[in-house]
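**Q** Just so we're aligned: the sequence shown equals residues 0 to 219 in numbering that gives the first Met the number 0.
Each hint should be verified, as a subset may be incorrect.
[Stated by the list, open to error] Derived lysine-lysine pairs resembling DSS-like cross-links, with alpha carbons at most 27 Å apart:
| hint | residue 1 | residue 2 |
| --- | --- | --- |
| 1 | Lys65 | Lys42 |
| 2 | Lys67 | Lys83 |
| 3 | Lys117 | Lys44 |
| 4 | Lys83 | Lys42 |
| 5 | Lys83 | Lys185 |
| 6 | Lys117 | Lys42 |
[Claimed, not checked] With beta-carbon atoms standing in for the labels, derived distance ranges:
| hint | residue 1 | residue 2 | range |
| --- | --- | --- | --- |
| 7 | Lys65 | Ser94 | 32 to 42 Å |
| 8 | Asp55 | Gly135 | 36 to 46 Å |
| 9 | Asp41 | Lys117 | 37 to 47 Å |
None of these hints come from the bench; they were simulated from the model.
Every residue, glycine too, gets a C-beta built ideally from N, C-alpha and C.
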Amino acid sequence: MTRNVGALTLGFATWPCATMAVVATLRIASAQEVPKNFVLMDKPKPVAEIAFNDGDGHPRSLADFKSKVVLLNVWATWCVPCRKEMPALDRLQASLGGADFEVVPVSIDRGGLETIQKFYTETGIRDLAMYVDTSGQILRQVGAIGLPTTLFVDRAGQEVGRVIGPAEWGAPEIAEFATCLVSQNKTAPSQESSKSTPTPPCGGRDPRLPASGTSANPQP
Numbered sequence: 000m001t002r003n004v005g006a007l008t009l010g011f012a013t014w015p016c017a018t019m020a021v022v023a024t025l026r027i028a029s030a031q032e033v034p035k036n037f038v039l040m041d042k043p044k045p046v047a048e049i050a051f052n053d054g055d056g057h058p059r060s061l062a063d064f065k066s067k068v069v070l071l072n073v074w075a076t077w078c079v080p081c082r083k084e085m086p087a088l089d090r091l092q093a094s095l096g097g098a099d100f101e102v103v104p105v106s107i108d109r110g111g112l113e114t115i116q117k118f119y120t121e122t123g124i125r126d127l128a129m130y131v132d133t134s135g136q137i138l139r140q141v142g143a144i145g146l147p148t149t150l151f152v153d154r155a156g157q158e159v160g161r162v163i164g165p166a167e168w169g170a171p172e173i174a175e176f177a178t179c180l181v182s183q184n185k186t187a188p189s190q191e192s193s194k195s196t197p198t199p200p201c202g203g204r205d206p207r208l209p210a211s212g213t214s215a216n217p218q219p
């Protein structure tokens, strides 16, 4: 089950690239706000086994990043909102990336690594690694309704929230939220404890409080 952080209304274009038009009013108790199109999980949710290739063509999966908090961004070079936000994601990786945090951008471009490399070169992307799933299976595996879709994944490999559509990744609250997740996930919780312990209140809402607003639903 998920909840929206605040009163949230979403509308978006049909596939292949769902651009979100978001009208939102956030009622947040803390000054630490999150993206307006952010959906916070009531409790950590297991993420399906996701397979993709890295920049050297080697098979990778989310399990390779299990010791880190991961921002998993599903994107493509033909998606205009995706293209616009990649430089900001690159800067976020440069600022926070390391032993505790990693931006993992997985492209679904059928042109593969060559297409991604060309885009990285043209836009000056330097700190983001290249990952690709030319099959596009990752869309189904993460339950994406369009591009871009971004998941916040904790050290235990569980989704704690997602951003549906583009976001201002250079905004201070993004770094604050990511830092909050890192600090509250220094030790990966056991499977048993994650069942009984509520999600840490990153994003300004105590998970024990009832959510306001309505869930985002796709419109035809």
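**Q** Taking the hints in turn, state whether each one holds.
**A** Checked hints:
1. For the given pair, Lys65 sits about 18 Å from Lys42 by alpha-carbon distance, which is consistent with the 27 Å threshold.
2. Distance restraint check for Lys67 and Lys83: the Cα-Cα separation of roughly 26 Å lies within the 27 Å cut-off, and the hinted pair is therefore satisfied.
3. Between Lys117 and Lys44 the CA atoms are separated by roughly 35 Å; this puts the pair beyond 27 Å, and the hint is violated.
4. About 31 Å separates the Cα atoms of Lys83 and Lys42, which puts this hinted pair outside 27 Å; it is violated.
5. At roughly 32 Å between alpha-carbon atoms, Lys83 and Lys185 are farther apart than 27 Å, so this suggested pair is violated.
6. Distance hint between Lys117 and Lys42 is unfulfilled; the C-alpha atoms sit about 39 Å from each other, more than 27 Å.
7. For the pair Lys65 and Ser94, the supplied restraint of 32 to 42 Å is violated, since their beta-carbon distance comes to about 22 Å.
8. Evaluation of the 36 to 46 Å hint for Asp55 and Gly135 yields a failure: the beta carbon distance comes to about 21 Å.
9. Distance hint check for Asp41 and Lys117: the Cβ-Cβ separation is about 41 Å, which falls inside the suggested range of 37 to 47 Å.
In this structure, the earlier hints numbered 3, 4, 5, 6, 7 and 8 are contradicted, and the remaining ones agree with it.
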